[in-house]
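Engineer: Let the sequences and hints guide you as you build the complete structure.
Following numbering that gives the first Met the number 0, the numbering of the sequence shown begins with 0 at its first residue and continues without gaps.
These aren't lab readings, by the way, just hints derived from the structure by calculation. Treat each hint with caution, since some may be false.
Cut-off 30 Å, straight-line C-alpha distance, at most; resulting in silico cross-link-like pairs (DSBU-like, lysine-lysine) [what the hints assert, rightly or not]: (1) K263 / K227; (2) K294 / K98; (3) K263 / K298; (4) K213 / K294; (5) K294 / K227; (6) K180 / K227; (7) K227 / K213; (8) K298 / K98; (9) K263 / K294; (10) K298 / K213; (11) K263 / K180; (12) K97 / K298; (13) K97 / K294; (14) K41 / K97; (15) K41 / K213.
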Amino acid sequence: MIRICFFILCFNSLSALMAQPNIPLYSSRIPNSIANTVIREKQEVGADGILRITEVTEPSLTVYQPEARITNGTAVIICPGGGYWLLAAGHEGADVAKKFAAIGVTAFVLKYRLPDARIQVNPTIAPLQDAQRALQLVRERASEFHIDPTKVGILGFSAGGHLASTAATQFHHSKIDNPSKINLRPDFQILIYPVISSDPAIAHGGSFEKLVGKESTAVQRSAYSSDKQVTPQTPPAFLVHASDDGGVSSLNSVRYYEALLQNKVSTELHLYQRGGHGFGLNNPTTEDAWFDRLKNWLKANAWL
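Structural biologist: What follows is the structure in structure tokens.
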């Protein structure tokens, strides 16, 4: 009997952490889309074990709900990175969502559209549309997910960090229909080795080229330079970067941190000596876990 009860307890705990079926972001026509019968989403796991998703045509959210006994009402929308060319949906998506569910936070992994002129009228705004729609949908269905609509944050890795910071700084520019005037501002932002600045000295050129186009002007790129879009209304931020990041300069996080401070926005920055780029949850060069530092920050701000 004890073994049976133990099995049931374990099974229920595992079930609570299992991903629910994907929820389409849009119930009808996807905005800013061009009908196509050729391009189809691709999912591949590379030799490095990383799940990569490309050519997203149907954006969605995958829900990871915590056990009822530990649910605390906080939610986070997770944007995987990939340079706006792909989504690293495993170690920068599902793995992170499970960690949040284990501490009582309802996590949503966002499968967002990647800029693509073949299937979007305006490729530049497609990712932001999906991030804003994710915030809108989660708040619209807050009671269903047992979350507090005033405790909904956004997290992003690398280019996903750029998307998260764009959602956090440009929420007043709605790119979607919002007849009910749902709040599109994240309550907090978590940025892990994010792409931020369009300054050629530190910019991740590939991400900006994919998002705003190879022939874009400095003015167009500046409009998506998140450090230049910060205002006193920008939500609190938690940032993580490795000083030796050879993919996205750690000065991106530093610039954003400075802009937040100048606007008196609450912020916390963790710079590791080493770690490179793309380490996800686990920086192999240190015994310190940034997720533990994040838990402390969330608790200090009453989100955990």
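Engineer: K298 and K98: Cα distance at most 30 Å?
Structural biologist: Roughly 15 Å separates the two Cα atoms, so the pair holds.
Engineer: K263 and K180 were given as a pair; does the straight-line alpha-carbon distance stay at or below 30 Å?
Structural biologist: 27 Å, holds
Engineer: For K294 and K98, compute the direct alpha-carbon distance and say whether it is at most 30 Å.
Structural biologist: Distance of about 11 Å is within 30 Å: holds.
Engineer: What's the verdict on K263 and K227, does the C-alpha distance respect the 30 Å limit or exceed it?
Structural biologist: Roughly 14 Å between the alpha carbons, so the hint for K263 and K227 holds.
Engineer: Below or equal to 30 Å on CA atoms is what counts here, so check K180 against K227.
Structural biologist: Judged against 30 Å, a Cα distance of about 26 Å means the pair holds.
Engineer: Check the hint pairing K294 with K227 against an upper bound of 30 Å on the C-alpha distance.
Structural biologist: Measuring from Cα to Cα gives roughly 28 Å; hence the hint holds.
Engineer: Next pair to validate is K213 with K294; report whether the Cα-Cα distance is within 30 Å.
Structural biologist: 39 Å, violated
Engineer: Given the hint that K298 pairs with K213, does the C-alpha gap stay at or below 30 Å?
Structural biologist: Distance of about 42 Å is beyond 30 Å: violated.
Engineer: Between K97 and K294, does the CA-CA distance stay at or below 30 Å?
Structural biologist: 14 Å, holds
Engineer: Are K263 and K298 close enough, with their CA atoms no more than 30 Å apart?
Structural biologist: 20 Å, holds
Engineer: Quick one, are K97 and K298 close enough, alpha carbons at most 30 Å?
Structural biologist: 18 Å, holds
Engineer: Would you mind confirming whether the straight-line C-alpha gap from K227 to K213 stays at or under 30 Å?
Structural biologist: 21 Å, holds
Checked against the numbered hints above, the structure breaks hints 4 and 10 and satisfies the rest.
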